[in-house]
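**Student:** Here is what each chain is made of, one letter per residue.
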Amino acid sequence: MRRFWPFTIKTYAIVLIALIALISGIMGWVIQHKLDTIKRQANTLHADAANEELSYSLYHLLNDVRQKAERLSFQEEARQQFLSPSYYGYWRDNRAMGSGSAPTYLQAIELYTQQGASLAATPAKEMPAHLSLQDLNGFLAVQENRDYLYVFYPVYAIEGNSDSAILGYIGFKLDFMSAIREGQRFNYINMSSLILDLNGQEHLPLSQLITRLNYTLFPDPESAALARTIKAFQLQVLLVAIGFAVLLYILLDTLLAAPLHRLSQHIDALREGKSGLLTGLFTRGLPVAELEKVRHSLNDYQSKLEEMHQSLNEKNDELWLLAHRDPLTGVYNRRGFEDDWQHVLSVSGGHRLEVAMLLFDCDHFKAINDTYGHQTGDQVIQAITHTLQTSLRQGDRLYRLGGDEFATLFLDIEADLVFQTAQRCVEAVSLCDFSALGIKEPVRISAGLASASGSDTESLASLPKQADIAMYHAKRPGKQKIAVYDESMNNDFGALFSTGITHAIFEAISKGDALEMHYQPVVSLSNGEVDYYEALVRIRDGDELIRPASIFPVIEARRLEAELDLAILGRIEKDLELGRIPAHSGISLNVSGPGVISQKIIDKILSLGRFLEHYRLIVEVTETALITQIHQASVNLNTLRRAGFKIALDDFGSGYSSLGYLANMPVDIIKFDISMIRHLDAGGQQGLIVENLAHMVVKAGYTVVAEGIETEATLRKIMQSGFSSGQGYLFGRPAHPCQAAVNTSLISRKAA
Amino acid sequence: MLLHGFLQTGHTLPISALAGTLSDQGYTVLVPTLSLGINRRARSLACEAVHMHTKEGDVAEIGLWVNWLIRKGYQNIVLVGHSSGSLEMLQYLTLNPAPEIRKAILISLIPLRSIPQDVQNALARIKQGAEGASALSRYTLGYCNNNYVSPPAAYLSYAEYDSSRTLAQFGKARVPVEVIMGSADSAMAPDWPDKIRARGIPVAVIDKATHFFDGMQEFDLADKVASILTNMPEMSSGL
Numbered sequence: 001m002r003r004f005w006p007f008t009i010k011t012y013a014i015v016l017i018a019l020i021a022l023i024s025g026i027m028g029w030v031i032q033h034k035l036d037t038i039k040r041q042a043n044t045l046h047a048d049a050a051n052e053e054l055s056y057s058l059y060h061l062l063n064d065v066r067q068k069a070e071r072l073s074f075q076e077e078a079r080q081q082f083l084s085p086s087y088y089g090y091w092r093d094n095r096a097m098g099s100g101s102a103p104t105y106l107q108a109i110e111l112y113t114q115q116g117a118s119l120a121a122t123p124a125k126e127m128p129a130h131l132s133l134q135d136l137n138g139f140l141a142v143q144e145n146r147d148y149l150y151v152f153y154p155v156y157a158i159e160g161n162s163d164s165a166i167l168g169y170i171g172f173k174l175d176f177m178s179a180i181r182e183g184q185r186f187n188y189i190n191m192s193s194l195i196l197d198l199n200g201q202e203h204l205p206l207s208q209l210i211t212r213l214n215y216t217l218f219p220d221p222e223s224a225a226l227a228r229t230i231k232a233f234q235l236q237v238l239l240v241a242i243g244f245a246v247l248l249y250i251l252l253d254t255l256l257a258a259p260l261h262r263l264s265q266h267i268d269a270l271r272e273g274k275s276g277l278l279t280g281l282f283t284r285g286l287p288v289a290e291l292e293k294v295r296h297s298l299n300d301y302q303s304k305l306e307e308m309h310q311s312l313n314e315k316n317d318e319l320w321l322l323a324h325r326d327p328l329t330g331v332y333n334r335r336g337f338e339d340d341w342q343h344v345l346s347v348s349g350g351h352r353l354e355v356a357m358l359l360f361d362c363d364h365f366k367a368i369n370d371t372y373g374h375q376t377g378d379q380v381i382q383a384i385t386h387t388l389q390t391s392l393r394q395g396d397r398l399y400r401l402g403g404d405e406f407a408t409l410f411l412d413i414e415a416d417l418v419f420q421t422a423q424r425c426v427e428a429v430s431l432c433d434f435s436a437l438g439i440k441e442p443v444r445i446s447a448g449l450a451s452a453s454g455s456d457t458e459s460l461a462s463l464p465k466q467a468d469i470a471m472y473h474a475k476r477p478g479k480q481k482i483a484v485y486d487e488s489m490n491n492d493f494g495a496l497f498s499t500g501i502t503h504a505i506f507e508a509i510s511k512g513d514a515l516e517m518h519y520q521p522v523v524s525l526s527n528g529e530v531d532y533y534e535a536l537v538r539i540r541d542g543d544e545l546i547r548p549a550s551i552f553p554v555i556e557a558r559r560l561e562a563e564l565d566l567a568i569l570g571r572i573e574k575d576l577e578l579g580r581i582p583a584h585s586g587i588s589l590n591v592s593g594p595g596v597i598s599q600k601i602i603d604k605i606l607s608l609g610r611f612l613e614h615y616r617l618i619v620e621v622t623e624t625a626l627i628t629q630i631h632q633a634s635v636n637l638n639t640l641r642r643a644g645f646k647i648a649l650d651d652f653g654s655g656y657s658s659l660g661y662l663a664n665m666p667v668d669i670i671k672f673d674i675s676m677i678r679h680l681d682a683g684g685q686q687g688l689i690v691e692n693l694a695h696m697v698v699k700a701g702y703t704v705v706a707e708g709i710e711t712e713a714t715l716r717k718i719m720q721s722g723f724s725s726g727q728g729y730l731f732g733r734p735a736h737p738c739q740a741a742v743n744t745s746l747i748s749r750k751a752a
Numbered sequence: 001m002l003l004h005g006f007l008q009t010g011h012t013l014p015i016s017a018l019a020g021t022l023s024d025q026g027y028t029v030l031v032p033t034l035s036l037g038i039n040r041r042a043r044s045l046a047c048e049a050v051h052m053h054t055k056e057g058d059v060a061e062i063g064l065w066v067n068w069l070i071r072k073g074y075q076n077i078v079l080v081g082h083s084s085g086s087l088e089m090l091q092y093l094t095l096n097p098a099p100e101i102r103k104a105i106l107i108s109l110i111p112l113r114s115i116p117q118d119v120q121n122a123l124a125r126i127k128q129g130a131e132g133a134s135a136l137s138r139y140t141l142g143y144c145n146n147n148y149v150s151p152p153a154a155y156l157s158y159a160e161y162d163s164s165r166t167l168a169q170f171g172k173a174r175v176p177v178e179v180i181m182g183s184a185d186s187a188m189a190p191d192w193p194d195k196i197r198a199r200g201i202p203v204a205v206i207d208k209a210t211h212f213f214d215g216m217q218e219f220d221l222a223d224k225v226a227s228i229l230t231n232m233p234e235m236s237s238g239l
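Order-wise, the sequence lines are chains A and B. Per the working numbering, the very first residue in the first sequence carries number 1; after that it's consecutive. Per the working numbering, the very first residue in the second sequence carries number 1; after that it's consecutive.
It is worth saying that the hints were derived from the structure and are not from the lab. Where a beta carbon is used, it is the ideal one built from N, C-alpha and C, also for glycine. A couple of the hints might just be wrong.
Listed next, with one range per pair, are the computed distances between beta-carbon atoms [stated by the list, open to error]: (1) PRO154/A x ARG40/B: 13 to 21 Å; (2) ALA157/A x PRO99/B: 19 to 27 Å; (3) ARG40/B x SER178/A: 33 to 41 Å; (4) THR104/A x SER134/B: 27 to 35 Å; (5) ALA130/B x ASP93/A: 21 to 29 Å; (6) ASN146/B x ASP93/A: 23 to 31 Å; (7) ALA157/A x HIS11/B: 18 to 26 Å; (8) ASP93/A x ARG165/B: 30 to 38 Å.
Facing chain A, from chain B, some residues (calculated, C-beta under 7 Å) [to be verified]: (9) ARG41; (10) ALA49; (11) LEU136; (12) ARG138.
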C-alpha cells in the first residue's frame, strides 16, 4: 500500500464511486428485502382477498339462486303446481326452465311436496326424487366429471311469509363452476385453476364447500405493479447512480485531476527548465478558481523565475566574460584558454585531426615594465594584443595567458600555415611603432609552436609544454624568434621542466654552495696576457654539472635573474677573497638585464669595488638588457664606471646591433658575439661588414673583444680586424678553479 | 261490478281506471279477478301458462260474485265488462241472471280471435279419448298467438263463441245491454257495431279509441259509462 501512497485523485474518485456503488447496493438490498416483505404481506392479503372473493362469490351465487327461487315461488303458476300438479312436467320444463329467463348454469328445477316428494314421478336431470332433511341444506355432487350444486328452498303458503305453512319445496340444480364463473368476475382467483375436491359418489354438504375448493391466485396486480415500479425505480436509481458516478468521475478528472496534472507538468517543466516550451499549455485557464489562482501564482512565479534566470544568465555571462576574458586586452585569459583547451582535447581526442598551439612571449617585457612603468607596459600589451589579433585569421582566438604571454590554438590546419601565421604575428609586432608610448627600443615577441595529431593522445596532452619549450627556445639569444618544437629541444630545456634541476638551481641560489664559478680567460691580443677572466656560472648537482643552457631558461622562467646575480656575485666575492683568481688579472661579471636595474645588485657590485686595487673588474651586460631598460641601466652603469668598474657590452651582434644605440650606451668594452666572429671567419660580405664594424668600434674608442676564437685562423682574422682581446677555446675553456690561458704564444708570435 | 279482459286482472286498464272513477263518483264498485284456475290469482296469466280454465267456469265465478253482492244487500247491480269480460258477462246474462242486475255495459265486446284449424284440432283431440282430452296443445286465442297452452276442451270453451254465436247471445240477454266500442279498435271488424245495433243494442263508439288497453280515451270511456249509469232511473236511488 505504501508503495502506491499517496493516491491519485482518480484513485480517490474510483474509491468514492465504489463507495457510492456499495451504498447503492446496500440500499438496493434493503429495498429488495422490504419489497419481499411487502410482497409476502401482499400475497397474504391477496390470498385473504381471494378467499373473501370466493366466499362473497358463493354468497352472491346462493343469494341469487335464493332470489330466483323466491321469485319462482311467488309465481302463481308455480304455487298452483302444488295444488294441481296435472301439468307439472309441462310447467317445469316449459314455464320454469323454458321461459328463456333461466340462467345457463341452471340445470334443473324441481318442486317437492311438504313431505319432500318430487311433484314429478321421475325427477329431471338427477334431481333427487325425495328430499332428506340434510338435502334441504344443499349439497354438491359429481356427475360426469362436472360439479353440481343442489339447493332447496321452502315455498310458503303465503308469499314471503315464513311463518305461514310450507306449501312445498323448490329445488335447483346448478352447474357449480359455470355458476361461479358466470356470477362474478374474479380479481384474485384464477378461475381456470378452480377445482372442487370431490369424489364421484360423495354428497358434499354445502356448508363444507369452501374447504374443498382449490385454486391458484392471479398475480397480485398491485404488488406486481409495485414490484415493477420499484424495479424500474431501482433501475433508474442505478442508471442515475452510474450516470452520477461517471459524471462525478469526469468532473473530478476534468476539474481536479487534469488541472492538477497540468500544474504538476508545469512544475516539472519548471524544474527541468522546459517551461518556456510548454508555456502554451499553461496559458489556458483552469475551470476551478482555486487551481486557476495556483496556475496564476505559478505563472507569476515562473515569470519571476525566468526574469531571475535571465538576470542570472546575464550575470553568468558577465562572470564568464570576467572569468574568461582578460580585462586589459579583452581577449580570452588563461581560464578561457584552459576551457578551450579542454574542449579541443575532448573534440580532437582520438581523431586524425591536427592540433597546433602557438605561444607568444614579449621579449624583456619585465624590463619594459620596470623602465617605462606599468601603465606603459599595459599599453604595450594592448598594442601587442591588437597587432596579434589583426595578424591572426578571422575566428582564431587569442589568449593572454599572463603578463606578456599569449597563445592561440589551431585545429585541422597545416603546420606551414601555422608557422606562417607565427611569422606574420612576430613580424607585425616587430614593425609596430611603440614610439608614441615613449619607447625607443624595439619591442619583439618570440613564438613557440607545437603541433600534434588528435590521434596521438600523449603528444596532444603535452602540447602546451612543447609549445612552451619551443617558445623558450625561440627566446634564447641568437635564435630565430620563432621555434617549432622538436624532440631535441627536450634535452636543452629539460632543466626547465626537470624538477631535479630546478630544485638544484633553487638550492644553489638560496645557499650559494652549489654554485661553481668557471673562469675563461680573455687574452689581450696585444701581448698575449690574460686581460681578465669571464666568470661563468655552473651549478654542481652531485657529480653532474648544470650548465647555463639549463640554468638560464629556469632562471628566466622563474624571473630569478636578480637572485642568481646576487648569488654569483657572492660566489665571485668568495673566490676573490680566497685568492682563487690570479692577482693583477681581472674578473668580468655577467649581470642580467634585471640585475642591471636592481639597486641591490648594483650595491653588491659596488661592494666588490674593494678588490679593484688588485683586480680589474668588468661588468658584462647584454645588448638586449641595456636596450630594454636603457635609462636606468645607463644610470647604474655610469655609477659603476665612476666607481672604477669597466662595462662590457656582451653578445654584440646577436641582437639589434644598432650603432645608434651603441653610441648612447655607457660601455667601455664591446664583446662581439660569436655569430659575428663566425661571419668574420667566413669572410665574404658579412665578414667584411663585421671587420669594418670592428674597426669602426675600435676607432670610436671602445675596447673590442672577440668571442669564440677556436682556431689560429680565427685569431689571425681577429687580430687583423683590430680587436683588443679575444676569448675562446683556443685560449682556454671555462675552468674551475681558474686556470692560465694557453696558446698565448701565438699572439706573441703574431704580434711580433 | 266490473270485469277484466282476457287473462288480465281487475287491476289492469281500462277496468282499474274505470273502477276508480266510478268509485269516486259514489258508486259501489266490485272488481273481481277471475281465478282462471289459480287460487287467489292476482297477476295476469301468460299465454304460455297451462290454461285449464273454461268460459263456463268464468261465468260461474261471475254468478258467485253477483250473489255475493246481493248477499251484501245491493239491489241495483250494473255489470260492466271489458273485452272477453264483456263476452263472459253477456253469456252470464243469457243464463238466468239475478233480478238485481239492472243493466250491462259491455266495452269492447269482440269475439276472441281463433283459428278454425285449431278448433278442428281440439275437437279431434277430444275425440281421441281421455289422453287426447288431457293433452296440452298450443292454440291461437285472443292475443295469444299460437302459444295459448291448454287442453282442447278448455280451449274450445272460449274458441267456440265466434261472432254469430255472440250476436245470438244478445237476443238471449235478459237485462238491458249497452255496448261501447273504440273506433280505432284493430281487433274489431268495421261492421261489428252495426251488427250489434242490428240486434237492437245501443252501441256507443268512442272516436279514436282502440281496445282501451292504453288508457288514451280513459276519460271518454268513463264519461260514457257514467252517462249510461246516470240515465238509469234505478241508479239514482240505488247509489
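**Student:** Against each hint, give a clear statement of whether it holds in the structure.
**Tutor:** Verification of the hints:
no., hint, result
1, PRO154/A x ARG40/B: 13 to 21 Å, "holds (19 Å)"
2, ALA157/A x PRO99/B: 19 to 27 Å, "violated (39 Å)"
3, ARG40/B x SER178/A: 33 to 41 Å, "holds (37 Å)"
4, THR104/A x SER134/B: 27 to 35 Å, "holds (33 Å)"
5, ALA130/B x ASP93/A: 21 to 29 Å, "holds (22 Å)"
6, ASN146/B x ASP93/A: 23 to 31 Å, "violated (18 Å)"
7, ALA157/A x HIS11/B: 18 to 26 Å, "holds (22 Å)"
8, ASP93/A x ARG165/B: 30 to 38 Å, "holds (36 Å)"
9, ARG41, "holds (6 Å)"
10, ALA49, "holds (5 Å)"
11, LEU136, "holds (6 Å)"
12, ARG138, "violated (10 Å)"
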